[in-house]
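K.L.:
In case it helps, full-length UniProt numbering puts the sequence shown at residues 1 to 150.
The set of hints was computed from the structure by calculation and includes no laboratory data.
C-beta atoms are modelled at their ideal positions from N, C-alpha and C, and glycine is treated no differently.
Careful: at least some of the hints might be erroneous.
[Unchecked claim] The calculated lysine-lysine pairs, modelled on DSSO-like cross-linking and capped at a C-alpha distance of 27 angstroms, are: (1) K144 with K81; (2) K87 with K18; (3) K66 with K81; (4) K87 with K144; (5) K137 with K87; (6) K87 with K76; (7) K66 with K18; (8) K18 with K76.
[What the hints assert, rightly or not] Computed beta-carbon distance windows for the label pairs: (9) T41 with V11: 30 to 36 angstroms; (10) P17 with I43: 33 to 39 angstroms; (11) M1 with H85: 38 to 44 angstroms; (12) A42 with P149: 31 to 37 angstroms; (13) C2 with Q88: 34 to 40 angstroms.
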Amino acid sequence: MCDVQWVNSPVVIAQNPKPVAINSCIEIDLTGQVSSDSIGTAIYSGFGGQVDFLRGAALSLDGEGKPIIAVPSTTKRGESKIVPHLKQGGGVVTTRAHVHYVVTEFGIAYLFGRNIRQRAHALIQIAHPDHRESLEKAAFEFLKVMPSPD
């Protein structure tokens, strides 16, 4: 069995051909910040090697790595997991700078290198249809941008 320092090393992960890192989250905000370990200030779980695997896949030596955040669009209670902003006190496990792909049952959003307006637009497009209008309004209110692909 290999040591966790080796298994979770982004350098080691990047040496694999076409690495795909699939991680989940509790919620993701319209800028692409990911909270994976807490609901507000309440710790829900550990974040394990999420950051290590996402970075390793992104830095793959063959340039074909896929760092992915896969998340259902809603909670069991029907609340959106794509939110205007993370809950107060929620920890940012993966920064917006390290998020490349976000996948829900409604599609794929590619965020890497995108500006805030483009990120908000891409995430709203993969949110549950029942929440898209409120997310658009929130993007305008909180981010002062009208979500747009351009």
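K.L.:
Work down the list of hints and note, for each, if the structure agrees.
P.N.:
Hints, one by one, checked against the model:
1. For the suggested pair K144 and K81, the alpha carbons sit about 21 angstroms apart, so the restraint of at most 27 angstroms is met.
2. With a CA separation close to 34 angstroms, the supplied pair K87 and K18 exceeds the 27 angstroms bound.
3. Using a Cα cut-off of 27 angstroms, the hinted pair K66 and K81 holds, with the two alpha carbons roughly 21 angstroms apart.
4. With a C-alpha separation of about 19 angstroms, the suggested pair K87 and K144 falls inside the 27 angstroms cut-off, and the hint holds.
5. Under the criterion of a C-alpha separation no larger than 27 angstroms, the hint pairing K137 with K87 is consistent with the structure, at around 18 angstroms.
6. For the hint linking K87 to K76, the alpha-carbon distance of about 17 angstroms falls within 27 angstroms, and the restraint holds.
7. A distance of roughly 7 angstroms separates the Cα atoms of K66 and K18; the hinted pair therefore holds under the 27 angstroms criterion.
8. Taking the CA atoms of K18 and K76, the gap is near 33 angstroms; set against the 27 angstroms cutoff, the hint is violated.
9. For T41 paired with V11, a C-beta distance near 33 angstroms keeps the hint of 30 to 36 angstroms intact.
10. For the pair P17 and I43, the supplied restraint of 33 to 39 angstroms holds, since their beta-carbon distance comes to about 36 angstroms.
11. A C-beta distance of roughly 41 angstroms is found between M1 and H85, which places it inside the suggested range of 38 to 44 angstroms.
12. Our hint of 31 to 37 angstroms for A42 and P149 holds, since their Cβ atoms are close to 36 angstroms apart.
13. The beta-carbon spacing between C2 and Q88, approximately 39 angstroms, falls within the hinted interval of 34 to 40 angstroms.
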